[in-house]
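*Asks:* Sequence:
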Amino acid sequence: MNKTQPSRQDLEQQLNNILDFVTQPTNHSAENKSDVSEQTTLNKALYYLKHNQAPLAAKWMRLAAMAGNHRAQFYLGLFFVKGQGVPKSVFHAAAWLSLASSQGYEPATVALDDLRKYIDTKRLKDAQCYAASLYEQIHQIQFAHLIPKND
1 MNKTQPSRQD
11 LEQQLNNILD
21 FVTQPTNHSA
31 ENKSDVSEQT
41 TLNKALYYLK
51 HNQAPLAAKW
61 MRLAAMAGNH
71 RAQFYLGLFF
81 VKGQGVPKSV
91 FHAAAWLSLA
101 SSQGYEPATV
111 ALDDLRKYID
121 TKRLKDAQCY
131 AASLYEQIHQ
141 IQFAHLIPKN
151 D
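Take the sequence shown: its letter number 140 is residue 140 in the numbering used here, and every next letter is one higher.
Pair by pair, the computed Cβ-Cβ distance ranges are: (1) LYS117 x PRO87: 15 to 23 Å; (2) GLN137 x GLY104: 18 to 26 Å; (3) GLU106 x ASN43: 15 to 23 Å; (4) PRO55 x ASN150: 36 to 44 Å.
DSBU-like mimics (lysine-lysine), calculated; alpha carbons at most 30 Å apart, straight line: (5) LYS82 x LYS44; (6) LYS117 x LYS59; (7) LYS125 x LYS88; (8) LYS44 x LYS88; (9) LYS50 x LYS82; (10) LYS82 x LYS122.
Keep in mind that the hints were calculated from the coordinates and are not lab data. For clarity, every value in this text was computed on a predicted model and none was experimentally measured. In this text, a Cβ means the ideal position worked out from N, Cα and C, and glycines have one as well.
Put together the whole structure using the sequences plus the hints.
*Replies:* Below is the structure:
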């Protein structure tokens, strides 16, 4: 049996097929559509992160975070800690980590506790207020379809 190496074009096609599969729309019930979209967006962010494309990873991570995904909020907080694809900002890191932590995501709580030594109490409180504002924005987006429009 003669083994051959796949060509570069074959590998690129396989990668495109995988990306198409991960990003394709699905036929789930309306109730699960936001979960699927949120997960697909997170998957895109993780793909770009894995391939050292931090700006694209940060873009997709923010979209997933604004869709309400607590893991994405946690990762976005870490991006701000490291300055990975976004400007380095302890304030913004604390805000996103606070948001994820407030939803019971334990890794965010641990990271936020570690971050406390790099931010003063006043600034941390401001970041938590900003996190509350983000929470309101996220929920306004998620439930906008339920608000009647007065035309």
